[in-house]
Amino acid sequence: MAAPRAFLHLASSIWKWGPRDIRGLSRTVAPEGSQRKGRALLQFLADHFYDVEALREYLFRKQVLKVHQKNRSFTHIKEQYGPYIAGAYFVLKQGGAVKFQGQEWMQSNGRGRFSLDFFKFQAVPVEAVDASGCAINYQGLDNLLALKELQSLSLQRCPHVDDWCLSRLHQLAGSLQELSLAGCPQVSERGLACLHHLQKLRRLDISDLPAVSNPGLTRILVEEMLPNCEVLGADWAQGLKLGPEEQS
Amino acid sequence: MKCVAFSPQLHPTDWDGKVSDIKKKIQSVLPGGAWNPLYDTSHLPPEHSDVVIVGGGVLGLSVAYWLKRLEKRRGAIQVLVVDRDYTYSQASTVLSVGGIRQQFSLPENIQLSLFSVDFLRNINEYLAVVDDPPLDLQFNPLGYLLLASEKGAAIMENNVKVQRQEGAKVCLMSPEQLRNKFPWINTEGVALASYGLENEGWFDPWCLLQGLRRKVQSMGVRFCHGEVTRFISSSDRMETASGEEVTLKRIHEVHVKMDRSLEYQPVECAIVINAAGAWSGQIAELAGIGKGPPGTLQGTKLPVEPRKRYVYLWHCPQGPGLETPFVTDTSGTYFRREGLGNNYLGGCSPTEEEEPDPGNLEVDHDFFQDKVWPHLAQRVPAFESLKVRSAWAGYYDYNTFDQNGVVGPHPLVVNMYFATGFSGHGLQQAPAVGRAVAEMVLEGHFQTINLNPFLFSRFYLGEKVEERNII
Numbered sequence: 001m002a003a004p005r006a007f008l009h010l011a012s013s014i015w016k017w018g019p020r021d022i023r024g025l026s027r028t029v030a031p032e033g034s035q036r037k038g039r040a041l042l043q044f045l046a047d048h049f050y051d052v053e054a055l056r057e058y059l060f061r062k063q064v065l066k067v068h069q070k071n072r073s074f075t076h077i078k079e080q081y082g083p084y085i086a087g088a089y090f091v092l093k094q095g096g097a098v099k100f101q102g103q104e105w106m107q108s109n110g111r112g113r114f115s116l117d118f119f120k121f122q123a124v125p126v127e128a129v130d131a132s133g134c135a136i137n138y139q140g141l142d143n144l145l146a147l148k149e150l151q152s153l154s155l156q157r158c159p160h161v162d163d164w165c166l167s168r169l170h171q172l173a174g175s176l177q178e179l180s181l182a183g184c185p186q187v188s189e190r191g192l193a194c195l196h197h198l199q200k201l202r203r204l205d206i207s208d209l210p211a212v213s214n215p216g217l218t219r220i221l222v223e224e225m226l227p228n229c230e231v232l233g234a235d236w237a238q239g240l241k242l243g244p245e246e247q248s
Numbered sequence: 001m002k003c004v005a006f007s008p009q010l011h012p013t014d015w016d017g018k019v020s021d022i023k024k025k026i027q028s029v030l031p032g033g034a035w036n037p038l039y040d041t042s043h044l045p046p047e048h049s050d051v052v053i054v055g056g057g058v059l060g061l062s063v064a065y066w067l068k069r070l071e072k073r074r075g076a077i078q079v080l081v082v083d084r085d086y087t088y089s090q091a092s093t094v095l096s097v098g099g100i101r102q103q104f105s106l107p108e109n110i111q112l113s114l115f116s117v118d119f120l121r122n123i124n125e126y127l128a129v130v131d132d133p134p135l136d137l138q139f140n141p142l143g144y145l146l147l148a149s150e151k152g153a154a155i156m157e158n159n160v161k162v163q164r165q166e167g168a169k170v171c172l173m174s175p176e177q178l179r180n181k182f183p184w185i186n187t188e189g190v191a192l193a194s195y196g197l198e199n200e201g202w203f204d205p206w207c208l209l210q211g212l213r214r215k216v217q218s219m220g221v222r223f224c225h226g227e228v229t230r231f232i233s234s235s236d237r238m239e240t241a242s243g244e245e246v247t248l249k250r251i252h253e254v255h256v257k258m259d260r261s262l263e264y265q266p267v268e269c270a271i272v273i274n275a276a277g278a279w280s281g282q283i284a285e286l287a288g289i290g291k292g293p294p295g296t297l298q299g300t301k302l303p304v305e306p307r308k309r310y311v312y313l314w315h316c317p318q319g320p321g322l323e324t325p326f327v328t329d330t331s332g333t334y335f336r337r338e339g340l341g342n343n344y345l346g347g348c349s350p351t352e353e354e355e356p357d358p359g360n361l362e363v364d365h366d367f368f369q370d371k372v373w374p375h376l377a378q379r380v381p382a383f384e385s386l387k388v389r390s391a392w393a394g395y396y397d398y399n400t401f402d403q404n405g406v407v408g409p410h411p412l413v414v415n416m417y418f419a420t421g422f423s424g425h426g427l428q429q430a431p432a433v434g435r436a437v438a439e440m441v442l443e444g445h446f447q448t449i450n451l452n453p454f455l456f457s458r459f460y461l462g463e464k465v466e467e468r469n470i471i
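Respectively, the protein sequence lines represent chains G and C.
End of the first sequence sits at 248 in this note's numbering; the numbers just go up one at a time, nothing left out.
End of the second sequence sits at 471 in this note's numbering; the numbers just go up one at a time, nothing left out.
I should point out that these hints are in silico values taken from the structure, not numbers from a laboratory.
Below, in silico cross-link-like pairs of lysine to any residue (SDA-like), each with a Cα-Cα straight-line distance of 20 Å or less:
1) C/K18 / C/S28
2) C/K371 / C/L313
3) C/K72 / G/Y58
4) C/K169 / C/L114
5) G/K78 / G/L145
6) G/K62 / C/D132
7) G/K99 / G/D142
8) C/K169 / G/H197
9) G/K62 / C/A128
10) C/K72 / G/A54
11) G/K200 / G/A173
12) C/K181 / C/Q378
13) G/K148 / C/K169
14) C/K181 / G/R202
15) G/K200 / C/P183
16) C/K25 / C/P266
17) C/K181 / G/G174
18) C/K169 / G/D142
19) C/K72 / G/D51
20) G/K37 / C/V130
Please read these numbers as outputs of a predicted model, since none were measured by experiment.
Excised from the complex, chain G in its bound form (with noise of 0.2 Å):
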């Protein structure tokens, strides 16, 4: 948090204008393009009636529950087969593969259909997970934790995970040595922070992070905080401003 004095300055131009518009401050970030006019449209109509906006309230809400239905806990198949077969069924629920120690990768097809034959593997534990791009958050992530043989975790592209989903990965120091979350568009440096619970670790991918903030240097700070780890990450040099004197 910077000193405080910067905020004087936004709260007196919000004040000006009416107690409406304090929301239209925010919207100050506008999609580009031609979906702009059929939002400026939608937010009309939520501004103007209390239906429509009661309407897309509930559509939000639906939207919300979907994501929370996905990572639901399974606790009855977990009693029953254990914990690794409990979680291997919620990556494979979810579209991502999975690898049981000694055995090759499962993957749901195209139509969200997979074999259950895994389910004889009650006391193999699974080595590697591949989540990229399922709708995975901190509530479904209950159940890759149990997986305390976990080697390789790749959560590449995934929507829902943050920085809260990562400060929860200490749980897996004993075992990972492989990570990926290239392309998270909601994990920052303040969540690669608590990365340096798993020393384990032996190759971490940070490439390609919307939300963090200076990557190069981002980059540097988790190769100084995890030193047996080959991190991938933006190059270095990215970012940096040419001095007067090397400029040409």
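Guided by the hints, dock chain C onto chain G, whose structure is given.
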């Protein structure tokens, strides 16, 4: 056939009162009167409001949010939030360092903090407004590291046991483990350390405040920029079961005075919530709390007063790296990392004798030189060479009785509810306290977290609920 000349609700005896009201209105309309229909009154608060919340900081807005969220029917409760400073220049919320931890010794505090962190994690579901961008709280989930000397080690172990029972993820570390994990710490004098692994860290309080403000406005809460100067209340004398006489007061009107003018608006209200932070004591005095012989319930004041605390921002090029948690030293000095450029924020709570004058928010830089820096340099040798970049001061709404919050109604002024006095951990407990006060107002008792130990009556009964560590 009877012809009803008046509307059926009017009882004949009401007519006299109505006549005098009509006469007063006619007099004000005539030239020289007070009513001027062309005068813009949009800055004045409404004339009636079910609930008036005095104080628009994070606690006041949290109460407003939960009142609107837990109301039985949409639009059932009219809420008005009154704050005298729309820039929040002296509000404790925005001047706070923004930390949140579960490492308390009281189970109630731990539960409050656990719910609040849950709220913050799902803030975009709680505070979602249609068409507005999601909030980015900038939460750093790096945990708190509390260091204890030989004397405090037993207390710390006990505290950690209570915290684990409530569900907080805290681990104990020996000096050896500390040195392995954080090589930049000098563990001399440290017997034990407790480290929060999850759900602890720091965030941007301004973002939370703006998010709450935006959401409660969309829920229909009215805001007023003004100062509360007077409460009009009525008293009732009643007898308790044992025959003692008690005077119960009920606040009927709140006078809100506009900024830089003598104009005021009386707001008729049913419930008043005192969330005025460091100035809650003054608001309580206005309501007549504490005006009575000392030692009685009428004479028990609200023991909340403003206390000034300094926060310093310094740069140290060789300082601890990215994994630095929020470190609290055995001496009470604390610091945390700020941003990626080797900047750190920190400070220390002064002892009772060194308390600075809370009249203004001027920063005393000598305090850093004399009281903060030596401890910092002793604990983290890299901090021997540092450069202070800036500093600011903020108020704690300090509860002089036991440094924990006051929540719930006053026993005598029956419709004033408190949500104040948290002495430096108000921000991290605000969402949960807001819900507790809303439950108290709507249901009459606490439903989710039992905050009965934090009621006002403990000041009269002398029952202190004290914490072991405060920062």
